[in-house]
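Visitor: If you want the building blocks of each chain, they are given just below.
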Amino acid sequence: MPSHEERLQALGIELPPPAVPKGVYRNVIVTGNIAATSGHLPSDESGNLIVGKVGVDLDLDAGFAAARSAGLAILTSLREELGTLDRVVRLVKVLGFVNCDPDFTMQPAVINGCSELFRDVFDQEEGVGIRSAVGVTSLPLGVPVELEAMVEITG
Amino acid sequence: MPSHEERLQALGIELPPPAVPKGVYRNVIVTGNIAATSGHLPSDESGNLIVGKVGVDLDLDAGFAAARSAGLAILTSLREELGTLDRVVRLVKVLGFVNCDPDFTMQPAVINGCSELFRDVFDQEEGVGIRSAVGVTSLPLGVPVELEAMVEITG
Amino acid sequence: MPSHEERLQALGIELPPPAVPKGVYRNVIVTGNIAATSGHLPSDESGNLIVGKVGVDLDLDAGFAAARSAGLAILTSLREELGTLDRVVRLVKVLGFVNCDPDFTMQPAVINGCSELFRDVFDQEEGVGIRSAVGVTSLPLGVPVELEAMVEITG
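Chains as they are written, first to last, in this note's numbering: chain L, 6 to 160; chain S, 6 to 160; chain U, 6 to 160.
None of these hints come from the bench; they were simulated from the model.
Hints may contain errors.
In silico contact screen, one side only, chain U against chain L (beta carbon under 8 angstroms); selected entries [claimed, not checked]:
#1 D108
#2 Q112
#3 G134
#4 R136
Keep in mind it's a predicted model, so treat the numbers as computed, not measured.
Built from N, CA and C at the ideal position, the CB exists for glycine as well.
Looking at chain L on its own, in the form it has when it is part of the complex (with noise of 0.2 angstroms):
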């Protein structure tokens, strides 16, 4: 089995730079044998935020790649965390907001992006875990997508 590391690497996925915390926050704490990240924004590639509302400034492809681009941010900073993703023995939780308007209720579609992203390098059994996608009214600095995590590692 190829570690999740080497997986990284056969699919071709380059990580972002660190995230600079937007507040007083760090973002990873390691409690036990638990890894837990802050909420982590979306960015393209130059760098910048990815800003707007699913729904109404960016479709569901584009929500879909915003939670994808959250989700290489939170791999980024548990690496910087753990020195290696290889530390990581299984996904336990996502919880994922999404910045739309009252009547989008395809949540579970964007925040997808994220969970495919996880599943394809920690593997289907130690990939997937459990999830919770809402709608909110509005996320830091205009962001579509906010999204924070938890994984079990080894010691």
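With chain L fixed as given, assemble chains S and U onto it according to the hints.
Guide: Chains S and U in isolation, oriented as in the chain L frame:
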């Protein structure tokens, strides 16, 4: 003292069939002595999702009933994963999202629909945990509530 | 090094009276070496809930002050449960909901009101944890912010 399963039966509660995940996630994950669930959605007696906004399409009683329904779906998921609800030591947490308009402020009364169920099934001491209840702009597939839970379990 | 309680005193901070749960839940639960709290609401100096939307009824400074107030209520709850804040080893997480309009995007600056308090009380290293801050359409009883926290504790 009656067990959780005995109490469920004494209350005349019949649990709904297992929920089918609406995206790339699973219903429950066990890590250490904690079982945590994904966000669960409410269904009517025919198994169809309940939809609408609380305070607009559903009154407070219907919102309360929807939260109870999501709570029942959580109990089904926990029993599926654990084999029996008797492995639940106590409720740790409920996080409840209510789909509503900006002027609706009775989220606690809505989420009580789930919290009173858990109190009745797991008993006053072990069935009352921590909780947050918030009002959100929209939820997956248009449901009025989405609830996730965390419980302590025996090994 | 001063203890957390000594630092609280040196900062001249007086904690508010214990919060009364607004529904079927308790303020704090301890599981293993983690103490986690329910969503806490902000109050003014007379003990009345602060109400209104940030960016509409409350400006950024008032939102910051409300988040600090909710943070003080969390400290009260933790002290009630643990006997003393000196049992807190470090902050793990804050989850902050801001009641606001769709165009308000400064949630991080609002939630800093709580995060800066925790940093001042628990110190720079142990008082800065992970965090998510989101904007929601409405909150219980019309409050501008709701915050929950998780800390590591000694046995």
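Visitor: Determine which of the earlier numbered hints do not hold for this structure and return their numbers in increasing order.
Guide: Nothing - there is no hint that the structure violates, so all of them hold.
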